[in-house]
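Using the hints provided, position chain B relative to the given structure of chain A.
This is what each chain is made of:
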Amino acid sequence: MTQKHFAALILLLVFLTACAKPNSDVSIPPSKTITNTGSDTIVNLALAWAEQYQMENLGIQISVTGGGSGTGINALLSGTTDIANASREMKDEEKATAEENGFEPQEFVIARDAIAVIVNPENPISELSLEMISKIYKCEINNWSELGGEDRPIVRLSRESNSGTHVYFLETVVRLGDKEDKSIFCPKTLLLPSSEGIISEVRDNPNAIGYDGLGYVTDEVKMLALAMDETKGFVLPSEITANDGTYPISRNLFMYTRGEPVGEIRDYLDWILSEEGQSIVSQLGFVPVEGE
Amino acid sequence: MFKPNPIRTDRNVTFIIKVAGYSSIVFLALIFFFLMQNGLPALKETGLAKLFQSTWYPIEGYFGILPLLFGSLLVTFIAILIALPFGVGTAVFISEIAPRSMKEILKPLVEILAGMPSVVLGFIGIVVLVPYMQRTLNLPTGLSALTGAILLGLIAIPTVVSIAEDALNAVPQSYRQAALAMGATRWQTIWGITVPAAKTGILTAIMLGIGRTLGETMAVMMVTGNAAVMPQGLESIISPVRTMTATIASEMGEVAKGSAHYAVLFFIGIVLFIFSLVINILASWVSTRGRKRSERILS
Numbered sequence: 005m006t007q008k009h010f011a012a013l014i015l016l017l018v019f020l021t022a023c024a025k026p027n028s029d030v031s032i033p034p035s036k037t038i039t040n041t042g043s044d045t046i047v048n049l050a051l052a053w054a055e056q057y058q059m060e061n062l063g064i065q066i067s068v069t070g071g072g073s074g075t076g077i078n079a080l081l082s083g084t085t086d087i088a089n090a091s092r093e094m095k096d097e098e099k100a101t102a103e104e105n106g107f108e109p110q111e112f113v114i115a116r117d118a119i120a121v122i123v124n125p126e127n128p129i130s131e132l133s134l135e136m137i138s139k140i141y142k143c144e145i146n147n148w149s150e151l152g153g154e155d156r157p158i159v160r161l162s163r164e165s166n167s168g169t170h171v172y173f174l175e176t177v178v179r180l181g182d183k184e185d186k187s188i189f190c191p192k193t194l195l196l197p198s199s200e201g202i203i204s205e206v207r208d209n210p211n212a213i214g215y216d217g218l219g220y221v222t223d224e225v226k227m228l229a230l231a232m233d234e235t236k237g238f239v240l241p242s243e244i245t246a247n248d249g250t251y252p253i254s255r256n257l258f259m260y261t262r263g264e265p266v267g268e269i270r271d272y273l274d275w276i277l278s279e280e281g282q283s284i285v286s287q288l289g290f291v292p293v294e295g296e
Numbered sequence: 029m030f031k032p033n034p035i036r037t038d039r040n041v042t043f044i045i046k047v048a049g050y051s052s053i054v055f056l057a058l059i060f061f062f063l064m065q066n067g068l069p070a071l072k073e074t075g076l077a078k079l080f081q082s083t084w085y086p087i088e089g090y091f092g093i094l095p096l097l098f099g100s101l102l103v104t105f106i107a108i109l110i111a112l113p114f115g116v117g118t119a120v121f122i123s124e125i126a127p128r129s130m131k132e133i134l135k136p137l138v139e140i141l142a143g144m145p146s147v148v149l150g151f152i153g154i155v156v157l158v159p160y161m162q163r164t165l166n167l168p169t170g171l172s173a174l175t176g177a178i179l180l181g182l183i184a185i186p187t188v189v190s191i192a193e194d195a196l197n198a199v200p201q202s203y204r205q206a207a208l209a210m211g212a213t214r215w216q217t218i219w220g221i222t223v224p225a226a227k228t229g230i231l232t233a234i235m236l237g238i239g240r241t242l243g244e245t246m247a248v249m250m251v252t253g254n255a256a257v258m259p260q261g262l263e264s265i266i267s268p269v270r271t272m273t274a275t276i277a278s279e280m281g282e283v284a285k286g287s288a289h290y291a292v293l294f295f296i297g298i299v300l301f302i303f304s305l306v307i308n309i310l311a312s313w314v315s316t317r318g319r320k321r322s323e324r325i326l327s
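Protein chains in written order, with my numbering: chain A, 5 to 296; chain B, 29 to 327.
You may find that some hints are simply not true.
[What the hints assert, rightly or not] In the DSS-like style, the derived pairs of lysine-lysine whose C-alpha atoms are separated by at most 30 Å in a straight line are: (1) B:Lys78 <-> B:Lys285; (2) A:Lys192 <-> B:Lys31; (3) B:Lys78 <-> A:Lys186; (4) A:Lys95 <-> B:Lys135; (5) B:Lys78 <-> A:Lys139; (6) B:Lys72 <-> A:Lys99.
These are computed hints drawn from the structure, not numbers from a lab.
Same shape as in the complex, but just chain A (with noise of 0.2 Å):
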């Protein structure tokens, strides 16, 4: 081989690795294929459904991947996936974006979830009424002694402002449900990117708080008994308690899609919404949503 060919051969390689694409289909293709993206909260039911659903329906590929409820509405905007999910409603300046683009988003209410306010074992302390937990989120308290606990200064988790639960823990704890309120989470408070994150720091260190949805929380960790106030009783997370309202922090969980779905997307969502289908959801430790 000629010095020539050898070159004209290396620009022909260069050529065809950028001809490749990162999800080209050149195997005999399945005959369809869905995109899932959003919330972590929900990342793991949702590959649960994915998997279950592939195996009664061949040809079918469901392709799903977390990042936030941001990323995944974000994605559905831009034309990247089939079905966002999201733990948050859609903003109004989503849905204005969507109209935009051409579709209005059609809104799946998939699944409800608890979230859990959780601690290190060793923490004596076991209830919190919600107000409490804003004031520590707000660092206006700073110290587990002030609330009865053992002298050790308050470490803050929370997720990424690009969570849905960050966006709804905002709301409803921080806030306390107050539209005027504006007070934020205090620059104090670790933002870390992910649900492990959270569990692993709160496993390991007996001065943090965090928050994380009831699939998530291990055995490792100890969840408190919540009350809206004082006067009301203090309530466990769990499927019972989410479900009938007494636990005051729970939250339905969405999928979106780009106008009403039809074909495959349609049957999957039917599938989701199904008996079958929400039978997962309590596996996971999730609530499901009652027939509608």
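Frame of chain A, contents of chain B only:
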């Protein structure tokens, strides 16, 4: 098969090499243009006064980048304090002291450390270093600037070692022989002759180490706690911080294109770009300064 025409081959190869050479300039210009186009609107929409405030909570419109700026500088500064003695020390050991057999083991090991993905180091950090720091130093939390700096120091050390070692190797053998012949001990030779002679190379190594540290994202995001607090006093070394890179990485996926938040994240990108530009200019200025023209040609 036609016979290759050597003149044509030469012309073609020259052309390909030229394209490759110029392309890096083109890419740099494109990146610069892209950053400016997306980031400069932040100055107009948000305004300099609002950008240089001390609260960062973008989903409610607080766009103060000062805590992120100082967070990055603090972590980088401590990381270099760690990487400098270890990096230069290792380079001196490999180049001047270690016997040949050991040198042949050490150098590849340092290179493996250089190739370690930072997410792996971050993972080790979160599992091992964070709980360890919290217990031994009795901190409120192990997720702190110091923990991040230790990891970043580890990431910067290989860069510092390999460039500093090259510089030490480039010192002519005759310098050392002359020093030893004058009766200097090995330590006196190293400290008085070899290291000063390689001074510019070692400074370049440190500069590039700083650049590496400032731009590192994944490992810091995992272990610094990401709390956007203004560093105040010595205590902030052991408190959580949020760096510019971690902020861009964790928030970029969320923002709507064209929003104020989007522009501000790109503005942070511009700030990082300017920092690395200054560091690189300083590095090349340091490495050419003080050398005579003849030396530059010969080296």
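Do the hints match the structure? See the list:
Restraint check for Lys78 (chain B) and Lys285 (chain B): satisfied, since their Cα atoms lie roughly 20 Å apart, inside the 30 Å limit. With a CA separation close to 73 Å, the supplied pair Lys192 (chain A) and Lys31 (chain B) exceeds the 30 Å bound. Of the supplied pair hints, the one linking Lys78 (chain B) and Lys186 (chain A) holds, its CA atoms being roughly 18 Å apart against a limit of 30 Å. The hinted pair formed by Lys95 (chain A) and Lys135 (chain B) fails the criterion: a straight-line CA distance of about 55 Å is larger than 30 Å.
Taking the CA atoms of Lys78 (chain B) and Lys139 (chain A), the gap is near 27 Å; set against the 30 Å cutoff, the hint holds. Taking the CA atoms of Lys72 (chain B) and Lys99 (chain A), the gap is about 26 Å. The hint holds against a cut of 30 Å.
Comparing the model with each numbered hint stated earlier shows that hints 2, 4 do not hold.
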